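In case you want the letters, here they are:
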Amino acid sequence: MKAEENHGNTKKFGMVIDLDVCTGCGSCMVACMAENNVPFRKDESDKLKSITWMRVYKLSNGKPYPETDICYLPRPCQHCEGHEGHSPCVSVCPATATDYDMQTGIVSQIYTRCFGCRYCMAACPYHARYFNWYDPVWPKGMEKYLNPDVSVRMRGVVEKCSFCIQRYQAAKNRAFMEGKADIEEGDYQTACTQACPAGAITFGDLNNPAHAVYKLKKQPNAFRLLERLGTNPKIYYLSSREWVRRAGDNYLKNEGPAKIG
Amino acid sequence: MKIDRRSFLSLGIGVAAGTAFSPLPWKLMDDVSIWTQNWPWTPVPAKGESTWVNSVCTLCPGSCGISVRKVDDRGVKIEGMKDHPVNQGGICSLGLAGLQLLYSPDRVKTPLKRAGKRGEGKWVSISWDQAISEVAGKLKELITGGQAHTVAGITGGGPNTLSRLFKRFLTAYGSPNFFNIPSIDDSYRLALQMMNGATPDATVGLDLENTDFILSFGCGLLDGWGSPVHMFKTNTAWRKTQARVIQIEPRLSRTAAKAYQWIPITPGSEGALALGIANVLITESLYRKDFVDNYTSGFEGVVNASGELQKGFKQHVLDNFSPKAVSELTGLDPAAITLLAREFAKAKAPIALFGRGQGKLPGSMDEALAIHALNMLMGAINQKGGIYALPTPDSQTWPVVPPDAVADSGVKEPRLDGASSDAYSRLNQLPPAVLSGKPYPLNALLVMEANPLYTMSNSKAVQEAFDKIPLVVSFSSFMDETAQNSDLILPNHIYLERQEDAPLPAGFSKPVISLSKAVFKPLHNTQHAGDTLILLAKGLGGSVAETLPWKDFEACLKQAMGDKMEPLQKTGYWVNTGAVFPDGKTTFTTPSGKFEFASSAFCPGFTPVKIEGDASYPLLLIPYDTMRLASGYAANPPFDTKILEETILLHQDGLIEINPKTAQSMGLSENDRVLLQTPRGQANVLIHLEEGIMPGVIALPRGLGHTAYDAYIAGKGVNLNGLTGPVADPISGLDAAWGIKAKLSKA
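Chains as they are written, first to last, in the working numbering: chain S, 1 to 261; chain D, 1001 to 1747.
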């Protein structure tokens, strides 16, 4: 099982997000919504019901003025590997609507299988999953901009970040047409990575030493969210500020941030 | 059989268990879920051939290159253009949501004529012929009545060809009243003009990539200042070169949070701090003496008009701005000021920048000159990593047509804003002039690519002024506040539907022109505003028609761009790589022939801006800018409003940032509803406690409180401009206000 757990020689897509560089501008959120046909409503200020596959959180060091410091943290689906692909959501889904792909490490979501029990939402420690409480409705004419590569979700199903899997499929098709054996790093990038004006997000194959993420995830400043839960997520964060790294988990005062792995 | 409680319960449980173990509920649930998932009203996007078209985004002056993905005729995604020199593939949240503006059902789809009262929202569709002849007819009437000069035009398009054509139209018609929307760019241009002798039409160049110490006096470098995406890219590069950003402002903005150091000071005292730093640089001899001695004047002394020698910049700063004196004004420790000055001087290529937030307002000239004096002390003028005036791209070869008698006398009339030329439009002076009818009443206003009714401060007075103007014509394709309060709307194509040049983004180091393309065929019965102007000129006839002789805007643009048109059409942008930093001796023409710290006309000092409000207003209200809120001509598209934090907008209510200590002293807690009052207006807001703001200061974002556009933005939050008012700067006459006094009371 060991080889399978580490995906052997297969791909394991992941992200490294540099929080020192991220400015919290929100481009990644809009890029994601525009790419993935995410609907919107007139009032989106109830963030529990606001569907944002990518959400930027604002962290604060909690100190009073003028010692206050803030940091922004973009949170896509963490695509947890767990152990042997047992990510929290996959383990609880009664409909096999969400699955862990051993070829790519992507946690998928198949909308037509989902019957909306929302067990996965309860299981996800990252609040990365969203339920369609309402019919997706676009103002008249605006449905024209919908992306044909991504299906529009109906009311009553759960959705989440897919690492823009349609882009992976398109990249594979292109590579096949061009007679290439495999896709290259630049061929498959998520919408948020591409849009980020600060260049804070790096995306690639965590198993491939030639990819930028391979080296970045090993930086001493790297950490993952809720490391100690054993979810084994594939989103790595970098921060030079210790209080930010500590904010990645519920540490006690006398504890230091956990090491990765 | 008697049904007792016991048998009733066991029967019930039995039925429930039996049903549960039968396939019935599961089958039903499955059927129901399949049924719900096949509801026909969930759209299925049509497939088709996928293509990419490159263009440029002109939603803000940033001018980022964009790649638009089309599936057949539909636009499905806007992304940053990978190799564009300005944004290198990055794109902001507004640019990403551009298709929501294109496909919005609330666009102005055809020329409209007001049917009900102004602002009532009752319109009749008219043909383009009728629209042109109505406007041309009204303009002709004014010529006949000798009132050509009583027409004004406002444009927010920046220095592009369409704006130049608009100005040319007004000049040929006989009106001196051409207005640009003023911004911090005006203050930079004026500072370079006064101190460095640049020409008023020069663009400010900032070689930010090569600086290693950025002293930012409140500039929202990561909040939309300059060319926003370019600034983000530059900031990431600064991380690698370990350049330090020092952010000086009373609020922990995104820029401050990302900066090497955040220094909160008393709002409005930025100029004093700059002079305090200058004091330390001079006292400790830390400034670049070779540069100051050889290339500047006014440092040691100034000869005044009557030939007497007066105190120069040096003595002025030494006498009045010791760290101790500045400490009292800024609230900073004297030692901190000294330390900051030493760090600034230690850097290889330091630069000092001004312009609060996104630089929406020109600000105080005194402050601009004081801060720019720091660049002069460090020799950061026309140097790598410094500030310089970029030459204006080659003059356009438009034909010169002599004006007729009406135009000749009309343009000689004084401007309504009292400015001597349109180089620095004092737009804030327009509403009072309209209200007083002096020097003459305004009879017609043409508004292009701007929404002054929303973006100008002191909304109440602006609305009253609008009510007094007999004819307001809007060229907007958005049903914005100005369009809603106009008499005729002659809708322009939106930026994705028209060809247009987008010149020099603010604060870029090289002259760049980009070309926006008609990525889409116009969706509605709109018309390029350039074509509309040419048709209006034809309708007016005479020398106006001769001055705009082109058959359409495309021909006019081609002639304006000259040999740049070919590279523009090929790559989408043109970079003047051969532009050398202007040589001080040839380009700069100050009276002394040198860069001037002070002259008989000016000396950088500290005159606090007279912020409105008396002692009954104990708090200071300051505006802030965020990348998630568009606050210019374009309003937030739905996606951008969706990503607004619930600490900025909660349902329909805007939130005001206040330090918990200040709130506590007033007995206020999170999400309390309060009445916010300023001398200019009042509004209901909710409290948001924020540690990152100076006690006694409260902050509201720009970009909310729309009354027009669509249901996704209208009626949400508070328009800051309804609570603030302009304060005329004594030097420039532009708006120098940075805030206003305010009070809060429980609502």
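To be clear, the hints were calculated from the coordinates, so they are not data collected in a lab. Misleading hints may appear alongside valid ones.
[Stated by the list, open to error] Straight line, CA to CA, 27 angstroms or less: simulated BS3-like cross-link-like pairs of lysine-lysine:
1) D:K1233 x S:K218
2) S:K253 x D:K1661
3) D:K1233 x D:K1289
4) D:K1551 x D:K1109
[To be verified] These stretches of chain S come out as covered by chain D in the derived footprint (C-beta under 8 angstroms, 3 or more residues):
5) 25-39
6) 67-80
7) 123-132
8) 140-147
9) 195-208
Remember, it's a predicted structure, so these values are computed and weren't measured experimentally. Glycine is no exception: its CB is placed at the ideal position from the N, C-alpha and C atoms.
Task: Hint check against the structure, violated hint numbers in rising order - done: Going through the list in order, the structure violates hints 3, 7 and respects the others.
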